[in-house]
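Protein chains in written order, with numbering that gives the first Met the number 0: chain Y, 0 to 301; chain H, 0 to 556.
Where hints are given, some of them may not hold.
[Claimed, not checked] Just the calculated beta-carbon pair ranges, DEER-fashion:
id, chain 1, residue 1, chain 2, residue 2, range
1, H, D129, Y, I128, 56 to 62 Å
2, Y, I128, H, P240, 34 to 40 Å
3, Y, T122, H, R360, 31 to 37 Å
4, Y, E160, H, G272, 20 to 26 Å
5, H, P240, Y, E160, 52 to 58 Å
6, Y, I128, H, D372, 49 to 55 Å
7, H, D129, Y, Q157, 29 to 35 Å
8, H, N395, Y, G240, 35 to 41 Å
9, H, D129, Y, K58, 32 to 38 Å
10, Y, L80, H, D48, 43 to 49 Å
11, Y, P162, H, N426, 51 to 57 Å
12, Y, K58, H, D48, 55 to 61 Å
[Unchecked claim] Covered stretches of chain Y (in silico footprint by chain H; criterion: 3 or more residues with CB under 8 Å from a CB of chain H, positions within the stretch not fixed):
id, stretch
13, 23-36
14, 70-79
15, 150-159
Source of the hints: derived by calculation from the structure; they are not laboratory data.
Ideal Cβ placement from N, Cα and C applies to all residues, glycine included.
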Amino acid sequence: MIGVSLIVFVVLRVLPGDPLVAVLGAEGYAKLAPADRAALMRDLGLADTLPVQYVRWLKDIASGQLGKSFFRGDTVADLILRRGPITAEIGILAVIISWLVGLPVGILSAIRPNGWADGIARTLAVLFIAIPGFWLGLLIVLALLFWFGYKSPIVIVQLWENPWQNFQIIVGPAIILGLAQGAYISRMSRSCLLEVIREDYVRTARAKGAVERKVVLHHALPNALLPVITISGVLLGFVLGGSVAVEQAFGVPGLGRALVTAVVERDIIVVQNLVLLYALIFVAVNVLVDLSYAWLDPRIRY
Amino acid sequence: MTPYAPGQNRGISRRYFLRTAAMAGTAVTLGSTIGRGRALAQAQEVKADPAVKRGGTLRYGILNAPAHFDVHQSGTVANIGPQSPMYDTLIRRDPRDGSTIIPDLAQRWEISPDGKKYTFYLRKGVTFHDGADFTSADVKATYDRIIRPPKGVVIPRTPLFASVGEVVAVDPYRIEFRLTESRPQNFMLGAFASGWNIIVRKKTLDDNQGNLRQVMNFPGTGPFRHVSRKDKEVWIQERNPNYWNKGLPYLDRLEIYNLPPFSPELGSSFLAGKVDYARIMDPVSWRKAKEMPGVTATAFNQSVIQAYFMNMKRKPFADARVRRAIHLAMDRAALIDVVKDTAPMQIGGFVYPFHEASTPRAELEKRLGYQKDIKPAVQEARKLMQEAGYGQGLKNLDFVVRDIASFKLWAVAIQAMLKENLNIETNMRVVQTSQWFEEAQSGNFDLAISAIVSTLMDPSDYFTSWYGKDGPQNYSGWSNEQFHALTKQIDHELDDAKRRTLIRQAELILEQDPPLIPVAYEQIYDAWYNRVRGQNSSKFFGIYDVVRWDTVSIAQT
Numbered sequence: 000m001i002g003v004s005l006i007v008f009v010v011l012r013v014l015p016g017d018p019l020v021a022v023l024g025a026e027g028y029a030k031l032a033p034a035d036r037a038a039l040m041r042d043l044g045l046a047d048t049l050p051v052q053y054v055r056w057l058k059d060i061a062s063g064q065l066g067k068s069f070f071r072g073d074t075v076a077d078l079i080l081r082r083g084p085i086t087a088e089i090g091i092l093a094v095i096i097s098w099l100v101g102l103p104v105g106i107l108s109a110i111r112p113n114g115w116a117d118g119i120a121r122t123l124a125v126l127f128i129a130i131p132g133f134w135l136g137l138l139i140v141l142a143l144l145f146w147f148g149y150k151s152p153i154v155i156v157q158l159w160e161n162p163w164q165n166f167q168i169i170v171g172p173a174i175i176l177g178l179a180q181g182a183y184i185s186r187m188s189r190s191c192l193l194e195v196i197r198e199d200y201v202r203t204a205r206a207k208g209a210v211e212r213k214v215v216l217h218h219a220l221p222n223a224l225l226p227v228i229t230i231s232g233v234l235l236g237f238v239l240g241g242s243v244a245v246e247q248a249f250g251v252p253g254l255g256r257a258l259v260t261a262v263v264e265r266d267i268i269v270v271q272n273l274v275l276l277y278a279l280i281f282v283a284v285n286v287l288v289d290l291s292y293a294w295l296d297p298r299i300r301y
Numbered sequence: 000m001t002p003y004a005p006g007q008n009r010g011i012s013r014r015y016f017l018r019t020a021a022m023a024g025t026a027v028t029l030g031s032t033i034g035r036g037r038a039l040a041q042a043q044e045v046k047a048d049p050a051v052k053r054g055g056t057l058r059y060g061i062l063n064a065p066a067h068f069d070v071h072q073s074g075t076v077a078n079i080g081p082q083s084p085m086y087d088t089l090i091r092r093d094p095r096d097g098s099t100i101i102p103d104l105a106q107r108w109e110i111s112p113d114g115k116k117y118t119f120y121l122r123k124g125v126t127f128h129d130g131a132d133f134t135s136a137d138v139k140a141t142y143d144r145i146i147r148p149p150k151g152v153v154i155p156r157t158p159l160f161a162s163v164g165e166v167v168a169v170d171p172y173r174i175e176f177r178l179t180e181s182r183p184q185n186f187m188l189g190a191f192a193s194g195w196n197i198i199v200r201k202k203t204l205d206d207n208q209g210n211l212r213q214v215m216n217f218p219g220t221g222p223f224r225h226v227s228r229k230d231k232e233v234w235i236q237e238r239n240p241n242y243w244n245k246g247l248p249y250l251d252r253l254e255i256y257n258l259p260p261f262s263p264e265l266g267s268s269f270l271a272g273k274v275d276y277a278r279i280m281d282p283v284s285w286r287k288a289k290e291m292p293g294v295t296a297t298a299f300n301q302s303v304i305q306a307y308f309m310n311m312k313r314k315p316f317a318d319a320r321v322r323r324a325i326h327l328a329m330d331r332a333a334l335i336d337v338v339k340d341t342a343p344m345q346i347g348g349f350v351y352p353f354h355e356a357s358t359p360r361a362e363l364e365k366r367l368g369y370q371k372d373i374k375p376a377v378q379e380a381r382k383l384m385q386e387a388g389y390g391q392g393l394k395n396l397d398f399v400v401r402d403i404a405s406f407k408l409w410a411v412a413i414q415a416m417l418k419e420n421l422n423i424e425t426n427m428r429v430v431q432t433s434q435w436f437e438e439a440q441s442g443n444f445d446l447a448i449s450a451i452v453s454t455l456m457d458p459s460d461y462f463t464s465w466y467g468k469d470g471p472q473n474y475s476g477w478s479n480e481q482f483h484a485l486t487k488q489i490d491h492e493l494d495d496a497k498r499r500t501l502i503r504q505a506e507l508i509l510e511q512d513p514p515l516i517p518v519a520y521e522q523i524y525d526a527w528y529n530r531v532r533g534q535n536s537s538k539f540f541g542i543y544d545v546v547r548w549d550t551v552s553i554a555q556t
């Protein structure tokens, strides 16, 4: 995490672009005198040396406030508390959808390989992997609008405020992301299950008279799941990254959109905190994935 | 003029008498008309109509993501869109026609015969949202800050008041602006009526060291007052029950949703009925809205020029012939067409094409560079390049493009036109907005495309900032002594007809020695459901003046 924080900190300060353009607007920036510019940079904390700025950021993280946006003085913590739940819900629902769709399709493909169902499943999987999520998202938004005159709520409604409106906000992005991840999961589970299903112990289970469903679900699947769980952890990175584009397409005011806006506005404080947050989530989930191996496979002990 | 020939009877001839009487009569009529015109405007206040239905909530879709909260320091609709309903100005543009200047916090005004003193008589009994009385001290504090901003405060409208030497609060309800030199009245009144110059409380400025960037809810005298705000989502305002203009506003509530210009969110939110009024729609959504029953969709002129700059510190562009050649090589009709589904535009030259002083469209379209058939213009352009020694064209020009859809589309078309017509090869470099302005200010480009804005339609505003020597938006670094001398004359000429002539002369100089290459002039697409009454944006100029919603009502269903 220290490494990630250093990389994001340095990269953001090396990139060209002046945050004062967004703060003052084009006209105001054009009329900015050098002395005024220096004063503004001092106020924003950007005139200090890089080590001083880095240490100040670490102190902000330790205090829990995470620093203040250049704009309006809002704290990054407030931003995350307001928008984080929406993005988290989208991520969680996307993972649930990916498993609910990907795993059964993968199993079906594996137990009837090279059949018509397998063919359709594999084709759809490739399509959902190849087609950009934001493009699909825009199509869905337009289809719902022009065919049904429907648009989801345009402000954040939290789950505890109005569950139905909250669901309307998150369901679109979650489906797009979930289907894309589900495509990976179906392919991975298909190939892992195909490999395991040819093992001797599976043949033994059949020979002992176990019904096919029990053979697949109780004997083969648990052993085929380990790589699928591993890839799920990696796919979470795609969900986090994909949420940025998909939130833009659906107009969802989540953390992904906040990150895009902050990048465009050169709001360095928001960008570096959100990137660090995403890195932290990614690392945490993958640690949990690693720990889950011990539960799934008794042979694995840490 | 002698009334009689030598040797003729020296009595007054009938012809002389009739001619002189006609002239005197015309002068008197004109004088009284002008005076009556001004008097009429001052009487043309906005008053509540008892027949209009009151109440309701207007849901308004506009860019509502301010970088800070100081309207004076802003130049973007992200501030003026959501914040203006909470404030008044000294005088204002009439919301009914978008142009006549009428009273606001000032009930009436007087201009001294020499044009050097503007006296405003302020309303009594006006209070700020926090209950404090409004007086001339607040106007003085506001304008002192605009005219001479404190350290660390940058106000784009400061140059409009460069001739104001002193602001004097004569008494609590009378304030004088004493100019060091006279300026055209339309220009000065336009500056005072600008929607940017909201009146703030003196105490607010004193308490915040003259900087309101971080002050979200500072009190105003406007028809609405702050209720709540969720960053980049919605700003909710309620009717000011103590508003000085009794009976207004008609609406109970404003919900101002953050829906960026030209964005699919804005278009889809309007078409799905999530908002009642949408501003700065994309052309595709707007055309769809226009076809919907129960919807009004209008277009009006914006105070922005889309142009590209040529870095005059680099050799080829120091030569006016090269710049004129590039100007002539543009197929402007094609450039409008290229962005027709992205943003609405119209053809124009160096002066706002809809301003009374600009060359009329029919005449402009006969001029080289603006004709539908560009062949004669291209021939002339090639001749100029030959004379300048660049008959073989230019290579490897750095073309910096602001990362916005319309500029990217234009850049590709411009690149093709320059190559095909003049053998000028460019390398496009697309950069974020913040980086574009850095590059432009540091002169790190050969060509650079963007949009620049003005506060007023009056050339005295943008001739200084766009084309003035060392003007803040003169990114080309252009200079032409003849033009600058003319600008000084234009700034001080009080006769409208003479001023128009000078502006036309200046325009011709710009055509021959271009400081930038005009690409197009922006239009704004608005749409609203017909339950929204009292709005007619088709006559507005820009999106920064008529922004208060006090005369708008909503029919309840």
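Quick rundown of the hints versus the structure:
1. H:D129 / Y:I128: 56 to 62 Å: 59 Å, holds
2. Y:I128 / H:P240: 34 to 40 Å: 59 Å, violated
3. Y:T122 / H:R360: 31 to 37 Å: Given range 31 to 37 Å: violated, Cβ gap about 57 Å.
4. Y:E160 / H:G272: 20 to 26 Å: Given range 20 to 26 Å: holds, Cβ gap about 22 Å.
5. H:P240 / Y:E160: 52 to 58 Å: 29 Å, violated
6. Y:I128 / H:D372: 49 to 55 Å: 51 Å, holds
7. H:D129 / Y:Q157: 29 to 35 Å: Given range 29 to 35 Å: holds, Cβ gap about 32 Å.
8. H:N395 / Y:G240: 35 to 41 Å: 36 Å, holds
9. H:D129 / Y:K58: 32 to 38 Å: Holds - the Cβ-Cβ distance for D129 (chain H) and K58 (chain Y), about 36 Å, lies within 32 to 38 Å.
10. Y:L80 / H:D48: 43 to 49 Å: 46 Å, holds
11. Y:P162 / H:N426: 51 to 57 Å: 53 Å, holds
12. Y:K58 / H:D48: 55 to 61 Å: 59 Å, holds
13. 23-36: Coverage by chain H holds here, the residue count being 12 at a Cβ distance below 8 Å.
14. 70-79: holds (count 5)
15. 150-159: holds (count 5)
Checked against the numbered hints above, the structure breaks hints 2, 3, 5 and satisfies the rest.
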